[in-house]
Amino acid sequence: MDEKAMSGRDKLEEAFRRYELSLDEKYPPADVAFEASDDFEEFIENLRKKLDKKERCCKFYKAFGKRIVAAVVAFFIIGGVTVYAFREPVAEFLTKVYDKFVEIFFNPDDISEAPKEIETVYTLGYVPEGYELVWRSVDKLSVLSIWKNEQGEVIKLEQRHIKLNTKLDNEEVVFEIIYSNRYRVAVKEIDEKKTFVWNTDEYAFVLIGTEELSEGIFIDIIDSLRMIDINSLPQEGEGGPRSGG
Amino acid sequence: MKEKMSFIVAIMMIFAMIFSTLVSATEVMPYYNNTSYTGTNFAITDDGTAIVAVSCDGYSFTTRITVSIRIEKRSFLFFWNEVLVDSHTVRDTSYYNEFEYQLEDKGTYRCTVTYSVSGSGGADDTISQEFTDTY
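Protein chains in written order, with my numbering: chain S, 164 to 408; chain W, -4 to 130.
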């Protein structure tokens, strides 16, 4: 096609083509020496490192990361549906530690589903040799059970409605949170006695006993907690009034 | 830089969530001279029975425990009218009991339980706990 027949656009394209060819003739690619500055080389190097790192991370995640995440999720799912006896209560007691006393209470949202009154009575499946049950009273918000030995030493178990507010003397005492096989337990130990506080999803428990018994024995006592048939209980407890012991 | 800051903020938020259930009070409270433990429950049943369960455990040198119970009914917003007052005293090292009171009117009630514990450990302990429930 001669130049007269070409449209304006075609002429423009031809002009660019000839210009490009002239540049190649004037500056052959092989003869052009391209020298990068230090800053530019550093920039390229950093970019390359970033890309390498990203690629390594992606490879690791694809190979192992997904399996690890799946294992962790499975662990939590399995942990959430285990047998009740071995699962820690969802409602955990809260503590406010002051200089001289510790307050134990529960988040109202955690205990909103708990029964309003005592519906199931608990007792201890294990007490040390020599102790015998001498008192049990069952009321609407609390159950008190007392075991006593020949030396007059007492083990008291209080089962309380979980909306319980507890205050423990904290002056010059040993106070700590420990874990039995079944429960998270607040422990207070001073001089003559030990006091333990723990809970299930429905009730709070307080165990008070002599400091002569070791913590290990108390842990066994706590873990022996079991339900009893409320209909098999006598109407009135034996022993003395509700004070003392 | 932005990613590092986001990571730091995320870690701080995780730690804040983990430790959110542990509350430390810095205020100084009076300590207990004669009391080892108090435990209190308050609830109002569907038929209007107010139940107060009290428990106080002292030491071998505790000589007297007085439990005072006061129940008030909310009349308007922040105003409370006293409905009943009850008090029980034992001369012993511990006390445990549960009391029932029949309420007449429906509404919101506040129960204040105060333990006064005497002994040779020092001045009397005065320990109060407050609850509210609705009938």
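Quick caveat, the hints were computed from the structure, so don't treat them as lab data. C-beta: ideal position from N, C-alpha, C; glycine also. Incorrect hints may appear among the rest.
Only pairs whose alpha carbons sit at most 30 Å apart, straight line, appear in this in silico DSS-like list of lysine-lysine [unchecked claim]:
#1 S:217 x W:-1
#2 S:229 x W:68
#3 S:212 x S:189
#4 W:-3 x S:279
#5 S:212 x S:174
#6 S:189 x S:174
#7 W:68 x S:279
#8 W:-3 x S:212
#9 S:326 x W:68
#10 W:101 x W:68
#11 S:217 x S:229
Going by beta-carbon spacing under 8 Å, a handful of chain W positions derived as facing chain S [claimed, not checked]:
#12 3
#13 30
#14 33
#15 35
#16 38
#17 52
#18 121
#19 122
Beyond 10 Å from chain S on every Cβ pair, some chain W residues (computed) [claimed, not checked]:
#20 -1
#21 40
#22 50
#23 68
#24 95
Right, here's what the structure says about each hint:
1. S:217 x W:-1: Holds: residue 217 of chain S and residue -1 of chain W sit about 16 Å apart, inside 30 Å.
2. S:229 x W:68: violated, 59 Å
3. S:212 x S:189: With Cα atoms ~37 Å apart, residue 212 of chain S and residue 189 of chain S exceed 30 Å; violated.
4. W:-3 x S:279: Violated, at about 52 Å.
5. S:212 x S:174: Status violated; Cα separation ~47 Å.
6. S:189 x S:174: holds, 23 Å
7. W:68 x S:279: holds, 20 Å
8. W:-3 x S:212: At roughly 19 Å apart (the allowed maximum being 30 Å), residue 212 of chain S and residue -3 of chain W satisfy the hint.
9. S:326 x W:68: Holds. Residue 326 of chain S to residue 68 of chain W sits at ~20 Å (cutoff 30 Å).
10. W:101 x W:68: holds, 9 Å
11. S:217 x S:229: Answer holds: residue 217 of chain S to residue 229 of chain S is near 16 Å, not above 30 Å.
12. 3: With Cβ-Cβ at 20 Å, over 8 Å, it is violated.
13. 30: Holds. Min distance 6 Å.
14. 33: Residue 33 of chain W check passes; min Cβ-Cβ to chain S is 5 Å, inside 8 Å.
15. 35: holds, 5 Å
16. 38: Holds, about 6 Å.
17. 52: holds, 6 Å
18. 121: It is violated, given that the least Cβ distance between residue 121 of chain W and chain S is near 12 Å, above 8 Å.
19. 122: holds, 6 Å
20. -1: Its Cβ never comes within 10 Å of chain S, the nearest being 14 Å, so this holds.
21. 40: The assertion about residue 40 of chain W is violated, with a minimum of 7 Å to chain S.
22. 50: violated, 6 Å
23. 68: The assertion about residue 68 of chain W holds, with a minimum of 20 Å to chain S.
24. 95: violated, 8 Å
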